[in-house]
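Once you've looked at the hints, dock chain B against the given chain A.
There are 2 protein chains.
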Amino acid sequence: MEEAQKKVRDYIRKNEDRAACYLQRLVQEDSTRGQESSAQAVIIEKCRELGLIMDIWEIGGETLKNHPAFCSDRKVFIGNPNAVGTLKGRGGGRSLILNGHIDVVPVGEVSAWDQDPFSGHIENGRLFGRGSTDMKGGTVSLLLALEAIVNSGITLKGNVIFQSVIEEESGGAGTLAAVLRGYTADGAIIPEPTNMKFFPKQQGSMWFRITVKGKQAHGGTRYEGVSAIEKAELILKGLRELEAKRNSRITDPLFAAIPIPIPINVGKISSGSWPSSVPDSAIIEGRMGVAPDETMENAKEEMAEALREIAASDPWLRNHQPETEWFGASWLPGNLEIDHELVGVLGKAFEKIKGCSPVIEASPWATDGGILNKIGGVPVVVFGPGVTKMAHDANEYINLKDVYEAAEVIALAILEWCGTA
Amino acid sequence: MEEAQKKVRDYIRKNEDRAACYLQRLVQEDSTRGQESSAQAVIIEKCRELGLIMDIWEIGGETLKNHPAFCSDRKVFIGNPNAVGTLKGRGGGRSLILNGHIDVVPVGEVSAWDQDPFSGHIENGRLFGRGSTDMKGGTVSLLLALEAIVNSGITLKGNVIFQSVIEEESGGAGTLAAVLRGYTADGAIIPEPTNMKFFPKQQGSMWFRITVKGKQAHGGTRYEGVSAIEKAELILKGLRELEAKRNSRITDPLFAAIPIPIPINVGKISSGSWPSSVPDSAIIEGRMGVAPDETMENAKEEMAEALREIAASDPWLRNHQPETEWFGASWLPGNLEIDHELVGVLGKAFEKIKGCSPVIEASPWATDGGILNKIGGVPVVVFGPGVTKMAHDANEYINLKDVYEAAEVIALAILEWCGTA
Chain A
1 MEEAQKKVRD
11 YIRKNEDRAA
21 CYLQRLVQED
31 STRGQESSAQ
41 AVIIEKCREL
51 GLIMDIWEIG
61 GETLKNHPAF
71 CSDRKVFIGN
81 PNAVGTLKGR
91 GGGRSLILNG
101 HIDVVPVGEV
111 SAWDQDPFSG
121 HIENGRLFGR
131 GSTDMKGGTV
141 SLLLALEAIV
151 NSGITLKGNV
161 IFQSVIEEES
171 GGAGTLAAVL
181 RGYTADGAII
191 PEPTNMKFFP
201 KQQGSMWFRI
211 TVKGKQAHGG
221 TRYEGVSAIE
231 KAELILKGLR
241 ELEAKRNSRI
251 TDPLFAAIPI
261 PIPINVGKIS
271 SGSWPSSVPD
281 SAIIEGRMGV
291 APDETMENAK
301 EEMAEALREI
311 AASDPWLRNH
321 QPETEWFGAS
331 WLPGNLEIDH
341 ELVGVLGKAF
351 EKIKGCSPVI
361 EASPWATDGG
371 ILNKIGGVPV
381 VVFGPGVTKM
391 AHDANEYINL
401 KDVYEAAEVI
411 ALAILEWCGT
421 A
Chain B
1 MEEAQKKVRD
11 YIRKNEDRAA
21 CYLQRLVQED
31 STRGQESSAQ
41 AVIIEKCREL
51 GLIMDIWEIG
61 GETLKNHPAF
71 CSDRKVFIGN
81 PNAVGTLKGR
91 GGGRSLILNG
101 HIDVVPVGEV
111 SAWDQDPFSG
121 HIENGRLFGR
131 GSTDMKGGTV
141 SLLLALEAIV
151 NSGITLKGNV
161 IFQSVIEEES
171 GGAGTLAAVL
181 RGYTADGAII
191 PEPTNMKFFP
201 KQQGSMWFRI
211 TVKGKQAHGG
221 TRYEGVSAIE
231 KAELILKGLR
241 ELEAKRNSRI
251 TDPLFAAIPI
261 PIPINVGKIS
271 SGSWPSSVPD
281 SAIIEGRMGV
291 APDETMENAK
301 EEMAEALREI
311 AASDPWLRNH
321 QPETEWFGAS
331 WLPGNLEIDH
341 ELVGVLGKAF
351 EKIKGCSPVI
361 EASPWATDGG
371 ILNKIGGVPV
381 VVFGPGVTKM
391 AHDANEYINL
401 KDVYEAAEVI
411 ALAILEWCGT
421 A
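Top to bottom, those sequences are chains A and B.
The numbering of the first sequence is the UniProt record's numbering, which starts it at 1 and goes up by one.
The numbering of the second sequence is the UniProt record's numbering, which starts it at 1 and goes up by one.
Pulled out of the complex, with its shape left as it was, chain A reads as follows (with noise of 0.2 Å):
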C-alpha cells in the first residue's frame, strides 16, 4: 500500500502541468445547459485513454421524468449525453463513484470579466473560467486521480465508476438517470468547490410560492378593501418564525459555525399594479432550505402548517387561505454520519497529504449528492478544490495546486477504499 501510494503521488506531482492544460481546454469549452456535448467529449476522450469502460447515453425517457426526484424544466436532452466510464477492479473490494457536473451556469454580464469567461486563462497559479471552481477543477482532480492509478499499474478490488453528467445546475437530472440506469456504489465522492473542506450532509432545498389574495379598493378609501401586501406581511413575518423554529432544532455540530443551518429565503415579493389602488394579490417566492436528516414532504408539510397558523391568526386570511405552490428546482439533502468509514477514508488521505485534519462541515447548497445518497442510497462525501465563493460569480476561478492536491486525496482514498489487489 505504502508503495502503491508512492507511486500515484508521484505520478500525480510529475503530471500537475498536463493536467492544468487539460482543465484548460475543458474550460475552454462552454457547456452552458443544452451545450454540453463539447466538453463532455474532451472527457470522454480522457475515459477511453485510461481504458474505461464507456457508457454513454441521452438521458430522458419516462422512468426518469415520471420520478419523484426528476426537476427539469428542459425538453431536449439529445446530443448532450451523460458519460459513465467504469474501472473494472478484480473483486472483493468497495465500490466507489467519482461524481462530476459537465454544466456549468451562464456567464452573467460579459463585462463583468476580466478576461473571457471562457479563457482558462492561467495567471498566479489560478485558472480563470466560468466552470473552473464549479465543478470542472474538480472532476480534473477525479481524473487525475484516475489516471495516476491506472498508468502507474495498479489494479484495484473494486470498482471505480466515474460520472461526468449533465443537468445539475437545473435540478439533478443527469445524475437521477444514472442511479435510475443502475449506478450505485458502496460510497461517492464529489468534488463540487467546497474549499478541500468536507461536506458529508448537505442543505437540500426547494422553491416556492404564495399567493396571498386581497381585496381591490380606491387607495384613497383604502379602510374599503383588504390589501394583500399587509397579509403578505403576516406571511413573511411567520416565515421568519418558522424558520427561527426549523433551525432551532438543528444540533448537529456540522452546523454550528453556520448563522442559519437551513434557511428560508423570501427571494421575491410582487404585489399590486397601480398605486392608488389596494392589491388584490401578492406573490412570494422563495427557497426554502431542507435538513440533512428531514424529508422534503416533512418539510412542505411543516411550511403548510405554519401558513394554516398564520392564517388561523388572522380573521381575513382564514377566509382567504394562502395558496402554496412548489415549483421549479428542489435539491434534495444529503446526509451521511460523520463516522462513517467513508469520512475516515477520505480523511485520512486528506491527512496524509495536507498534514493536518480536514475541516467537516455541513453544506449550505445542495449537490447531486442529495439524490445519491437519497434516491441511489449511495453514502456521499462532497469534497473538492474549487474556491466555494467563486463559484457562479464572474471571475471564476480555482487555485491549480488545490486541483492537483485533491486528486493526490482522492487517489489516496481510492487505493484505501477499493483496496490494491
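Incorrect hints may appear among the rest.
If several chains are the same, the list does not tell them apart, and a pair holds so long as it fits within one copy or across any two.
[As the list claims (entries may be wrong)] Quick list of in silico lysine-lysine cross-link-like pairs, DSS-like style, CA-CA up to 25 Å: (1) Lys14 / Lys75; (2) Lys215 / Lys237; (3) Lys215 / Lys389; (4) Lys389 / Lys213; (5) Lys197 / Lys348; (6) Lys348 / Lys7; (7) Lys352 / Lys7; (8) Lys75 / Lys352.
In short, the hints are calculated from the structure, not lab data.
Frame of chain A; chain B shown alone:
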C-alpha cells in the same frame, strides 16, 4: 322662479328615458385615456343641439406643461380635445362652471365583468359599464339640467360654462388647461360619484415611489446578504405609523364619518428576481392623501421626515437611505367652507327635490375640484349621482333615478345661482 322650477322639473321627468339612452350611448364609447374623441363627439353633438357656444381645443403647449400643477406623462393630446360649451346669460347674475371628465379608467380584468365593460346594459334601474358612475352619469345630469333650462325657454342672468375635460384620472391636465385658458367662475359643481352627498372639501393626493437597497447573496447563505424585502417591511410599518399620525390631527367634522381621512395607500411592491437569491432592491409605490388645508409641499416634507426617522432606527438603512420620488399623478385638495353660499344654494335645491338635507362630507379622493379651487380660485362643490364604491370597479353601474334627481337638483341650483331673467 316657482314656475321656472316647475318647468325644468317637468321637462326632466318627461325626458328620463331619452337621458338614459343618451347615457347608454356615451358609455358605449370607450373613452379610456388616449381615445376620448368618440365620446367627446357625443358630448359636443348634444352641446350644439343646446346652442352652447363651443370651444373645442387640443390641450398642450408650454404654459400648461410648465405650470407647477401640471402632472401628466402623456406625450400626445392630438385628436382628443377638451370641450367647453358656454350658455351665455343676459348679465347681472353669478356664473357657474359645470365640470365633468370624459376619460374613464381601464376596465381591468375583463373576466371580472358580467357583461361587456362598455355594454351600457340597463337592468332594474341600473345602467352598467365602465364610466357609467365615474362620471358619464354625472355629466348626463349636467346636460339634462341644461337641456331642461334651454328647452323650457328660460333665460339665465349669469353664464353657465359646461366643461367636458380629458385627463382627470391621470392628474387633471384637462381641467388645468381650461383654467389656464381663462375659464373661471363664481362657483362650480362637479358631479363626480358622491352617492348624492356634498363634498365641499376633497382629499388631495400624490404618488410616491420609495426605493430600498439590500445586499445580494445566495439564498442558502442568506445571512451573508441583506434582504431588501425585510428593509421594505420597515418602511411599510413606518408608513402606517405616519398615516396614523397625520390622521390623528384631523378634527374637521366633515371627516367624522371617514375611517381614514387622508390614507397612505401602498399599491405596489416589487422586489427580487430569483427565489434563491437575497434581493438587493425593493420598490414601493403608493398614494399619499393630502388634507384640504395643507399644501403638497408640506405633505412631502412630512413623508421625508418620517423616512429619515425610519432609516435612523435601522443600522443598514442608516447607511443606505431609502430614496423617494414623487412621480405620476398628483391631485390638489379642494377646500370650501360649508357656510359658503354655493353650498347653501345647492343644499336648498337638494332639499326641494329630495325632501331631506344633503349629507355633507369631505371626499376621500381628489377631483378636478382641487385645480378649479386652488389654481382657478373657484368655489367648488362636488356632488353627483354615481355610486362611489363602483368607481374603477368591475361591473361599474349607476342608478338611473339618481342621474335624474341630480339633474333636477342641479337645474334648480343653476336657476337660483345664476338667476333668471
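Hints, one by one, checked against the model:
no.: 1; hint: Lys14 / Lys75; verdict: neither (44 Å within a copy, 69 Å between copies)
no.: 2; hint: Lys215 / Lys237; verdict: both (21 Å within a copy, 20 Å between copies)
no.: 3; hint: Lys215 / Lys389; verdict: between (42 Å within a copy, 13 Å between copies)
no.: 4; hint: Lys389 / Lys213; verdict: between (37 Å within a copy, 20 Å between copies)
no.: 5; hint: Lys197 / Lys348; verdict: within (14 Å within a copy, 86 Å between copies)
no.: 6; hint: Lys348 / Lys7; verdict: within (18 Å within a copy, 108 Å between copies)
no.: 7; hint: Lys352 / Lys7; verdict: within (14 Å within a copy, 110 Å between copies)
no.: 8; hint: Lys75 / Lys352; verdict: neither (46 Å within a copy, 74 Å between copies)
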